[in-house]
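Could you build all of it, start to finish, from the sequences and the hints given here?
If you read the sequences in order, they're chains L and R.
Numbering-wise (the UniProt record's numbering), the first sequence opens with residue 1 and increments by one.
Numbering-wise (the UniProt record's numbering), the second sequence opens with residue 1 and increments by one.
In case anyone wonders, no lab produced these hints; they're calculated from the structure.
Honestly, I wouldn't trust all of these hints.
[What the hints assert, rightly or not] Here are a few chain R residues that face chain L, going by a calculated C-beta distance under 10 Å:
| hint | residue |
| --- | --- |
| 1 | 48 |
| 2 | 50 |
| 3 | 65 |
| 4 | 79 |
The structure presented is a predicted model; accordingly, all values stated were derived computationally and were not measured.
The beta-carbon is built from N, C-alpha and C at its ideal position, and this holds for glycine as well.
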Amino acid sequence: MSQAEAVDSVTAELSSQLSLSHTEHVATMKDEGHHNEALDAENVPSELGQKESTFVEKLDEGALPTSSQLPENQETECSELLNLEVKLSELDTGENRENEQIQTTLTSGKGWGSWGKSILTTATSTIGHGITAVKEKAGATLRKQNISSLAEESKEHEINQTVESDDSGDHMPKELPASSPSAGSHGMFSAITSAGKSVISSGLGALEFIGKKTMNVLAENDPGFKKTKILMEKTATLSQMLREAKEKEKERIANQVVMEKTAHFGILFDEYQGLSHLEALEILSNESELKVQSFLMSLEGETLEVMKRDLVAIKEIFLVEQSEKSEDEEKELEETGCDGEEFVNVLTELLFELHVAATPDKLNKARKRAHDWVKEVYSLRSEYNEKQVEENSDPVFEGEKNGKVDQNNAKSVEDIYLSSIESLAEVTARSIEQLHKVAELILHGQDIEKPALDQAQVLNTLTEAMCKEVSSLRKKFIDVLTSAGSKEKAEVLNPWINGVMLEGSNSITYIQDAFQLLLPVLQISHIQITSLRTDTVKYSGGN
Amino acid sequence: MATAPYNYSYIFKYIIIGDMGVGKSCLLHQFTEKKFMADCPHTIGVEFGTRIIEVSGQKIKLQIWDTAGQERFRAVTRSYYRGAAGALMVYDITRRSTYNHLSSWLTDARNLTNPNTVIILIGNKADLDAQRDVTYEEAKQFAEENGLLFLEASAKTGENVEDAFLEAAKKIYQNIQDGSLDLNAAESGVQHKPSAPQGGRITNEPQPQREGCGC
Chain L
1 MSQAEAVDSV
11 TAELSSQLSL
21 SHTEHVATMK
31 DEGHHNEALD
41 AENVPSELGQ
51 KESTFVEKLD
61 EGALPTSSQL
71 PENQETECSE
81 LLNLEVKLSE
91 LDTGENRENE
101 QIQTTLTSGK
111 GWGSWGKSIL
121 TTATSTIGHG
131 ITAVKEKAGA
141 TLRKQNISSL
151 AEESKEHEIN
161 QTVESDDSGD
171 HMPKELPASS
181 PSAGSHGMFS
191 AITSAGKSVI
201 SSGLGALEFI
211 GKKTMNVLAE
221 NDPGFKKTKI
231 LMEKTATLSQ
241 MLREAKEKEK
251 ERIANQVVME
261 KTAHFGILFD
271 EYQGLSHLEA
281 LEILSNESEL
291 KVQSFLMSLE
301 GETLEVMKRD
311 LVAIKEIFLV
321 EQSEKSEDEE
331 KELEETGCDG
341 EEFVNVLTEL
351 LFELHVAATP
361 DKLNKARKRA
371 HDWVKEVYSL
381 RSEYNEKQVE
391 ENSDPVFEGE
401 KNGKVDQNNA
411 KSVEDIYLSS
421 IESLAEVTAR
431 SIEQLHKVAE
441 LILHGQDIEK
451 PALDQAQVLN
461 TLTEAMCKEV
471 SSLRKKFIDV
481 LTSAGSKEKA
491 EVLNPWINGV
501 MLEGSNSITY
511 IQDAFQLLLP
521 VLQISHIQIT
531 SLRTDTVKYS
541 GGN
Chain R
1 MATAPYNYSY
11 IFKYIIIGDM
21 GVGKSCLLHQ
31 FTEKKFMADC
41 PHTIGVEFGT
51 RIIEVSGQKI
61 KLQIWDTAGQ
71 ERFRAVTRSY
81 YRGAAGALMV
91 YDITRRSTYN
101 HLSSWLTDAR
111 NLTNPNTVII
121 LIGNKADLDA
131 QRDVTYEEAK
141 QFAEENGLLF
151 LEASAKTGEN
161 VEDAFLEAAK
171 KIYQNIQDGS
181 LDLNAAESGV
191 QHKPSAPQGG
201 RITNEPQPQR
211 EGCGC
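Dropping the structure here:
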């Protein structure tokens, strides 16, 4: 396989996925959205057929020396993609010897013990670096309105993205920045690099423009990218991606000479055991997927068709979530917000509906903590403002006093930023924990009165509620940052706001990805219920 | 905020297994929080705990998977054994049935983890000596016959809890040092941080030397 081919296929895959993920966000792109939905619909029926033939295809691909080294990947939904990954890693080892981790991708399995799947991870962390770099450079020039215009500009930057991905094939290998520890040669990454190149070659104006665009592209599309991977390949990747991204972050911190207060979503997310729950959920998901596949292989004729139809019906519910959420809806919900106990009620009710005995205590506490500190900041600030008015002090001293009070009394703007990131990490971790618990309860085979199809529906709503909550929290955090930081310089404040924006979208993506992991769980649950029912029928028939 | 020290050289995955109510979650809680949790709810599926310990001057992060003991979760929890570097197999010294079930837990642990996984047998609730139903000696003998480490501990008083986790870690570390545990193996359950050689391939050579360890 030539590198160019590999890159092309990556790029093509990526672009299609990116445009897919856009439909979630871009209300203005209805036409495109429909297009994608149509595509989805076409894809669905063939999906299962594809799965069936996976093994056959694998044999055919024996020509590729590396595919035989991946005996565990039998569950691959789409063996092409596996293929793709192999090609990628070939590329990498060829291009960049320093990247030792790539080899693990080939040789080690997908278990916890391995550092495998490095491509993804390094790509992610590279993106992370890219984001940081771009953000730092461009952040200074970015104004607040840029953030609010994110949504409107998403269409534009998609075009941007496509263009960048197209020529990624030519640039990619040479342009790996020296600081980057990896050769994550994905389209996503090349998008950054090529953007980076233009940044250097163009003037400051271009810097601002591209920096802003790239930010948007990353913020919006990084999630899509991750989703792509997780859908493509049901091996334990997301948690490993995150885990390694976190490790990198840690190393970076360890190397920092000056210890400054920093907020690291990945590390905090792990501290709240978000990674562990995600990893465990991935294990369940992969095992369920394997079981579904082998069960389908044992069927034939009409039974197979019926079962396939059922499973596809469940799958369709998982696809709906991808495309139907519009920015408008999100905004509306952000505004109405779930400030009161509404979220709690919704959550409890939905879990009850699922007929699983999982209480949302931890998640509720996490979100309550988040809302509480925001409230506290506001009340402290208004107290402070009142004092200001009462004292009505000499304007010369006001500035001085201002600083003092800010330091002593109210949370500093930086503290607000740090708390925001921590809260996002906590709520996200708890949401994923919740989904993991649900998966465990569904799998443990209690008497489920609710058909898997209905459960899928409820879970979809549940996930949506969680994402909305994160979304509304993000809005709150940005609001409080903005109001508290009104006196800060833009170059200080904007990176914080951008950080919250970015981690907020990442959080939502993680939750949605975790939700996607539930699909095989529900499918196997459906199979178990159905076969149980059939057995019962047979049994009673025998009597 | 993020207060945990970021520098550790290894991550070990542990699993805690054993019958319902033997005190698995309490052991974990005592180990991570240094507190006794009196009213511990039944674990659903699996819960997690982490703590960084030190063995031979090396900082090691333990990532502990505390599995549900309820029979109905057995199918789910079995999925979590894979890739464990250490397993704490817990029984309740005041309930003979929990001891009698050990062979079934041991079978699972042996079948679902790799041959190098260090298994330590823990007789919990050692503070309730008056109600003892399983003698130290017979458990010790069972452990020796099966090549397990063994300790009696109390999640309530904290007695030997620290040691239980540490002894297993020492043994794992020793296995790494003498080369019997291949870090590159996908399921070793150990991650080594600073630029560990990553080029390894999956080695499935069984390394069955599992000496019983008198503690």
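Hint check results:
With its C-beta approaching chain L no nearer than about 4 Å, residue 48 of chain R sits inside the 10 Å limit, and its interface hint holds. Using the Cβ-Cβ criterion of 10 Å, the hint placing residue 50 of chain R at the interface with chain L is satisfied: the shortest such distance is roughly 8 Å. Using the Cβ-Cβ criterion of 10 Å, the hint placing residue 65 of chain R at the interface with chain L is satisfied: the shortest such distance is roughly 8 Å. Proximity of residue 79 of chain R to chain L holds as hinted, the smallest CB-CB distance being about 5 Å (cut-off 10 Å).
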